[in-house]
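J.: So you can see what is in the structure, the chains are spelled out below.
There are 2 protein chains.
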Amino acid sequence: MSSQATAKVNPGVQAFLQDLKGKEIDHVFFVACGGSSAIMYPSKYVFDRESKAISSDLYSSNEFIQRNPVQLGGKSLVILCSHSGNTPETVKAASFARSKGALTIAMTFKPESPLAKAAQYAVQYDWGDEAPAINTNYGVLYQIVFGTLQVLENHPKFEQAIDGLDKLQAVYDHALQKEAENAHQFAKNHQKEEVIYTMASGANYGAAYSYSICILMEMQWIHSQAIHAGEYFHGPFEIIDESVPFIILLGLDETRPLEERALAFSKRYGKKLTVLDAKNYDFAGISEAVKGYLAPLVLNRVLRMYADRLAEARNHPLTTRRYMWKVEY
Amino acid sequence: MSSQATAKVNPGVQAFLQDLKGKEIDHVFFVACGGSSAIMYPSKYVFDRESKAISSDLYSSNEFIQRNPVQLGGKSLVILCSHSGNTPETVKAASFARSKGALTIAMTFKPESPLAKAAQYAVQYDWGDEAPAINTNYGVLYQIVFGTLQVLENHPKFEQAIDGLDKLQAVYDHALQKEAENAHQFAKNHQKEEVIYTMASGANYGAAYSYSICILMEMQWIHSQAIHAGEYFHGPFEIIDESVPFIILLGLDETRPLEERALAFSKRYGKKLTVLDAKNYDFAGISEAVKGYLAPLVLNRVLRMYADRLAEARNHPLTTRRYMWKVEY
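Heads up: the sequence lines are chains A and B, in that order. Residue 203 in full-length UniProt numbering sits at position 203 of the first sequence; the count goes up by one each step and never skips. Residue 114 in full-length UniProt numbering sits at position 114 of the second sequence; the count goes up by one each step and never skips.
Everything labelled a hint here was simulated from the structure, so no lab data went into it. Some hints could be false.
For chains that are exact copies, the list does not tell them apart, and a pair is met inside one copy or across any two.
Lysine-lysine pairs mimicking DSS-like chemistry, simulated, CA-CA at most 30 Å apart [said to hold, decoys possible]: (1) Lys326 <-> Lys267; (2) Lys272 <-> Lys75; (3) Lys157 <-> Lys188; (4) Lys279 <-> Lys23; (5) Lys279 <-> Lys92; (6) Lys188 <-> Lys92; (7) Lys326 <-> Lys271; (8) Lys267 <-> Lys100; (9) Lys326 <-> Lys272.
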């Protein structure tokens, strides 16, 4: 790693990568819940496409504990995330993984939280509209992922990934400006909708999942599902007609043809389509080798603006809850 | 394998297992689309819980091809399924996997189909209400899965699995009788609903997924999502109130506590709940070692009856389509 790249890497990630040297890891488990799990989908995609010898799985925290994979053990790396660091299932998952001899690293916004204490390594990320892309949860996770691949497999894309993350905030700013008016239109057109589907594939599926379960269902009480763009043609597409709204994501990764096919069909039979296409954003200076992996981060950031506008138009703030943190569960 | 168990195993599976001896396999890929993919979720669960050294992944066929996992190669086993044997994505996935040197086995109802020809091994399964459980797609897949584990890892549950599959038809018959009136009630109560969610975890999630995307969305044009019972509390549960219908599955596998927790919460804030609990069915004579793996097959069979009754009540036959097989896509 060049010292220039190193300087941009989170100190907690640096310490972890230093200790990782010489360790034998044959499986990575991505373990979190809800929105914190959704940010991990692109990282599973990276491992599938880039890792020669490390297999990987992604589980919701309680599923991970109860499923209790036989191969979880001394050669496992478990990457966990909880924003509050207080999600009981994820804290328990960290302890569970350690009890099996796995190496554990937790990402959180709260460095003194139970999760930070339960894992061997804890990394704090930044949060909010002012946080630079490279320091957010998505950014720090990619630092861990590409750093792990470099340390364990001498994988060559780490510097490109760090450089790309470093330049990503400019991509966000440009994309947000470009989409600002579209977000207003989306909010105006969808404020009365009771169902809104999202759709994507590959590296972008997690962003669709997050928007569906966290923004629409949790924060807006709108019915939804994140449809996989390939699965669409084997069931879900029968639901579309001119009355059913879809948000369709197009990324820059290898599965883009699936998303393009789903969009082309939806255009023929649907009418209420909102398309976010990463090709319309300016990735200037970012290496082709990592563009496909970074596109979902941009799509996710733009979707957040779409959520803000929708919440305003519906007069239903994104902070509204009826059960979460309010009742026992 | 005892000769008694062998006699019950599909001849195509027997031939495959014979040839598998001595081969080195370190990864299994489950590859199919829609309903044929959904039947594979419990098999991924089996591998996670039972295999000491073989990792596994499950992908929709086009996602598999485009994602192009680096580890797909000479030590990979790719299990594919298409009912017609004619699903273009899955046929292409078989050729793609072979071109990478992987061992391929295809399940289909049509032994002369393109998929049967594209894979090295092809296994025909039975179909329809009269087909004995052990010979259906689910049954044959478990023969492959537990057989593979026995051949490659000397895993001890193969005979229990075959014996369980052999006794499963009696469980189906009993469960269908027990649920017949409930299915009528469900259909009557839900015939006007525009949204119906399904929910499950672990080995049972695939049955919830299949009911959501194939039965409700594809065959009934009802909005839906299969919610993971653990993820429920990290977003989706904010959607429930007395007006929102949920079908909640309770299986017999290790993740049952997740499903029980989701049900308990839903009972407090929801009203339109349909609960299918495998504990109410009679698994007499089936080994405890495989009950949790077989429960989703029973739940799936009962759900099919719920689909039949719903289609009748809505006067919307399960064969109705507006796009599938009718227009270009």
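J.: Now look at each hint and say whether the structure bears it out.
T.: Structure-based check of all given hints:
1. Lys326 <-> Lys267: Between copies, since 17 Å is at most 30 Å while 41 Å is not.
2. Lys272 <-> Lys75: neither (48 Å within a copy, 46 Å between copies)
3. Lys157 <-> Lys188: So Lys157 and Lys188 fail the 30 Å test inside a copy (42 Å) and across (58 Å) alike.
4. Lys279 <-> Lys23: neither (39 Å within a copy, 45 Å between copies)
5. Lys279 <-> Lys92: Answer is between; shortest inter-copy Cα gap is 27 Å, intra-copy 41 Å.
6. Lys188 <-> Lys92: neither (42 Å within a copy, 42 Å between copies)
7. Lys326 <-> Lys271: between (38 Å within a copy, 20 Å between copies)
8. Lys267 <-> Lys100: For Lys267 and Lys100, the Cα distance exceeds 30 Å both inside one copy (50 Å) and across copies (35 Å).
9. Lys326 <-> Lys272: between (35 Å within a copy, 22 Å between copies)
When each numbered hint is compared with the structure, violations occur for hints 2, 3, 4, 6, 8.
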